[in-house]
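These protein sequence lines map, in sequence, to chains Y and H.
Under numbering that gives the first Met the number 0, the first residue of the first sequence carries the number 0, and numbering increases by one thereafter.
Under numbering that gives the first Met the number 0, the first residue of the second sequence carries the number 0, and numbering increases by one thereafter.
Warning: the hint list may mix true and false statements.
Claimed, not checked - DSBU-like, lysine-lysine: derived pairs with alpha carbons at most 30 Å apart:
(1) H/216 with Y/75
(2) Y/84 with H/203
(3) H/321 with Y/68
(4) H/321 with Y/75
(5) H/183 with H/368
(6) Y/70 with H/183
The set of hints was computed from the structure by calculation and includes no laboratory data.
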Amino acid sequence: MTSVEIYEHLRERMPDAVVGYEANSAQPAILIDAEEVFELALLLRDSEKLSFDRLLVISGVDWEGYDEKGKGKHRKIAQYGEDGKPNDPGPEGTGDLGLYWYLHSMKYRHSIALKARIARDKASAPSLATIWPTAAWAEREIFDFYGIEFSGHPDLRRMFLPEDWEGYPLRKDYPMPARYHDVPLEGLPLAVRENQQSQEEGA
Amino acid sequence: MTDLQLSERTATMPGDQARPLKSDLLHINMGPQHPSTHGVLRLFITTDGEIVHTVTPYLGYLHRCAEKIAEGTTWHQYIVYTDRMDYLAAMNCNWGYCEAVEQLMRATGTEVEIPEYAQCVRVIIAELNRIASHLIAFGTYGLDLGAMTPFFYALREREAILNIFEKVCGARLMYSYYDIGGVKWDIPPDAMEEIKLFLKIFPKKLVEYNALLTENKIFVERLANVGVLDRETAIAYGCTGPVLRGSGVDWDLRRDEPWGIYDRFDFEVAIGRGQMGTLGDNWDRYYVRMLEMEQSVKIIEQAIAMMPAEGEIMAKMPRTLKVAPGEIFVRTEAPKGEMGFHIISDGGAEAFRCKTRSPAFHNLHVLEKLGEGQMISDLCATIGSLDLVLGEIDR
């Protein structure tokens, strides 16, 4: 089935869950309501005509500061400045968070992308871990980086960062920490500092 | 002391034959520094004697914030960071990223016409790197199971490939050779001769490997019927690459969803057949890689034959690259499996979002299921058969 046919099929079966269809973007995608994704995923997996048996990726997005005009003037992430100290990330973000699922069917060899927007102050979505086991780790990764809570997830912990890490680093308004457990993260790298020191001593 | 008290005391003595021997669950940390975990992977294992009850991988020891870096570097600068993902197959990672950016540009209306010559160079180099990556998988797998010789054999042939790469791009591990729109340098004539020589010699070496390890009785006994991954589980857990094909699933992006010029090549997709035991066991996954190396040689030979005598290595690209707004998910077949890049652009000089779908990340997830009920020594064999690279898992 092509993406349009899949979209028509879904809209027929679950009109409330499907919000729209992106035909003109680089890759066609179905826009959905994040709250309904669990039922939608069940339909996508179990429907005889669709049978999506593989979830290839779940990706999180922070849409804060996205340039709608397409000029690339999006909000710049905080980086380390010339003095080696973290830059000010600016005001707290208000834009939506987003989720992106890419599914593939081994039986019919078709694939589809699903997209949803989530309010930043209520960042949660249903977990698909009981439908496709792949989702368990992919959702943990998104929880780690974006702080989106997946309800019904069997084991929602941080994936890569330490459990006591504060904040969600891939959000655009993430302030870079200066220290972690008394280990200074700010300042120039040690090699640069030593180099400067030796130059000063030499002079 | 009365008799009663004495008997009570002896009854609680350890090793008392009157009471049945009680087993107890033991928690073990395997890694992050462990030779069989192929990097800094920490496995938290609950065991009862030698039997593994649960395996929980803990990741992040090699996390370098690649996805955050992608939002702060230009499109070209990020190629360097893709090297550091799967550092045993950096060429394939470079290509996966460049391909994703090129496809996004094409889909949003920018013409990117990769020259024929560059397309052939890309295939030749990527397949050579696939062989090099599988050679490491083959060599270290023997090492995991106590067979040291194959490792030296594998590194000897990998050395030949690395020498070729050094002549092509000057680097032996972190190549950054692919560029958005083509490749950075031409293959020099003497490197081309070396590639041809390598293709002549390598099939004979494969026969040697098979005699040395593949059909070795001890090796087969250790692998056959161990770590059986059935077809449905492999698909549901998102396994890709040799792990998926080892379970008998006939799926290879190079043939089924070709990118570049892969649709022109005639090759067979190697799948597991359960020759030595059950379909989808460790031996099947191992053997798929051996067969794939053979097929890669076939592809390189065809690519050399269809290569024009000379040509451009780069498409005409602007000096400062800006990608028109759009969102795309493109995956390519890396040696470890399907490597995908989910890229969002809003017209800027850097990505708004660049997520990597790393194959080994999802291949490792299935270890939670495979490890249950195995012996600890078999767990090492199972980890080896998944061919993990932590650089790519942690990113």
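These are the hints, each one checked on the structure:
| no. | hint | in the structure |
| --- | --- | --- |
| 1 | H/216 with Y/75 | violated (59 Å) |
| 2 | Y/84 with H/203 | violated (57 Å) |
| 3 | H/321 with Y/68 | holds (14 Å) |
| 4 | H/321 with Y/75 | holds (16 Å) |
| 5 | H/183 with H/368 | violated (43 Å) |
| 6 | Y/70 with H/183 | holds (28 Å) |
In this structure, the earlier hints numbered 1, 2, 5 are contradicted, and the remaining ones agree with it.
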